[in-house]
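**Student:** Sequence:
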Amino acid sequence: MRVNRSLSCLFAVLLSVSCGGGDSGTGPGSNNNHPPTPEPTAVGSPVGSSTSKTIGAGGGSVASDDGLFALTIPAGALASDTLITVQAITNNAWGGIGGGYRLTPNGLTFSIPVQLAFKVAPEDLVGSAAALLDVAVQDDAGLWYILKNTAYDDASGTLSSTTTHFSDYSSVEGLQIRPASASLATLGTLDLHVKYCHQETITDPADNLTALAYNCDEELAPVGTFSNWSVNGVKGGNGAVGTVTATVGNTARYKAPPSVPPGNPVAVSVEAKGRRGKTLLVSNITIGASWYGTVVIEQGTAKSEAHVFWALTASYQGIETYEPSGTVHYTPDTDYGPSCSFVSMDPRDAPITPDPFQGAMFIDRNSDPDKAYGFGTVAVIATTCFTCDGWSSPDCSEAPLPGWFAADSLAVSADGLTITRTWTDDSLPPVTTTVIFTQGTPPAAFLAKR
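Going by the working numbering, the sequence shown opens with residue 909, and the numbers climb by one from there.
Worth flagging that the hints you see were computed from the coordinates, not collected in a lab.
Treat each hint with caution, since some may be false.
As a list, the in silico EDC-like pairs of lysine to aspartate or glutamate whose alpha-carbon atoms are at most 20 Å apart [unchecked claim]:
#1 Lys961 x Asp989
#2 Lys1027 x Asp1062
#3 Lys1143 x Asp1099
#4 Lys1027 x Asp973
#5 Lys1163 x Asp1272
#6 Lys1211 x Asp1243
#7 Lys1163 x Asp1099
#8 Lys961 x Asp973
#9 Lys1211 x Asp1333
#10 Lys1056 x Asp1115
#11 Lys1279 x Asp1323
#12 Lys1279 x Glu1231
#13 Lys1279 x Asp1316
#14 Lys1027 x Asp1061
#15 Lys1143 x Asp1115
#16 Lys961 x Asp974
#17 Lys1211 x Asp1257
#18 Lys1027 x Asp974
#19 Lys1163 x Asp1276
#20 Lys1211 x Asp1272
#21 Lys1163 x Asp1323
#22 Lys1211 x Glu1306
#23 Lys1211 x Asp1241
#24 Lys1211 x Asp1334
Each pair of labels, with its calculated beta carbon distance range [what the hints assert, rightly or not]:
#25 Ser960 x Val1156: 44 to 54 Å
#26 Ser1305 x Asp1333: 24 to 34 Å
#27 Phe1270 x Cys1304: 30 to 40 Å
#28 Lys1211 x Asn1146: 44 to 54 Å
#29 Thr998 x Lys1143: 37 to 47 Å
#30 Thr1109 x Pro1013: 44 to 54 Å
This one's a predicted model, so the numbers in the text were calculated from it and none came from an experiment.
Glycine residues also receive a C-beta, built at the ideal position from the N, C-alpha and C atoms.
Using the sequences and the hints given, assemble the complete structure.
**Tutor:** Listed below in structure tokens is the structure:
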């Protein structure tokens, strides 16, 4: 990569500011805090294939192999034909989002600025904002600098900037609330933090740079950077939508209400002062999440295996009510002794319908740990046939398929995301039940089994 003499001078000046005396500090909302010493990162590693194109005085463009980056060179920027190469690399920049890109020949300069254009994935904006997007360049010392003339086009989802020399470039986001979205039980708590990447504003007419990018963590932000933690626009929240309290540094704790609010998910937000002014960061939290999983019951050779999805239907004072849907597969008892044998059972599969009289799960969020209990049956009659030595025809009978779930005390994990338990009763033969439930949206593989 090209060594930029003025970058080295800027770094020397900024380092003296960062480490010098006095209590003024720098950056938005700072008081006695000093910004940290800038830290370099490793250079990015190549990802996938590179793309190359010869471009001359008439200008042209080159897109990356992944289609997420484009370089446009205007007419007059180059004096002669030059082989231009774009190589996708890992994005090691502070606050980096998406991929990074290496432009070669390394250190090539242009008489007219060239344009860099990054595609920004919609999920990269969740928990942040377009106003916080920047393009950063890495120097030979491994330090990152923010470019001037950055713009984001909402319609195309493209972040663009200009440069006059080749190096490694990445898209970055200096402020990101995490988690950007989450599911939480009624009366549950969730810790949020803002990933803060310090940016030291610089001014130098000789360079297309606006800031030096520092390292990122939850303790770098100067006091006063974050304010007005709110829920659905209400500062501090309330009993209906949940409450949020600032804790230490860039962190806060949200407590969900005792019942699912009418507007779900709720928006937990904080005002953040960035280099361009105030920006609202939002985390969307769904109260009363769904569950999915399996219930396996085994007794001798008989077995039932339920694939079930639990949907929240009610929530009151910390008690959540869920209704099931899914399917149950039954393996019949085939042990009829030495002189008799199993012939058939039909059907062996039954639907789990969302009927409160056929199944329900309740989660008590007031206990410690949270407790789950419930039951599950199916309204299906099965015909089972067996035969014995000397019989001219099988004997068949009809009976309801057995229940697939019955539990009176299942502990929810400490993080609130799983319910798992295996137990065996003392009947003869013994019955072993295994329950595995996970909070959230079922993956495609699970849905295929329902």
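**Student:** Taking the numbered hints from earlier one at a time, note which ones the structure violates and give those numbers from smallest to largest.
**Tutor:** Violated: hints 15, 20, 30.
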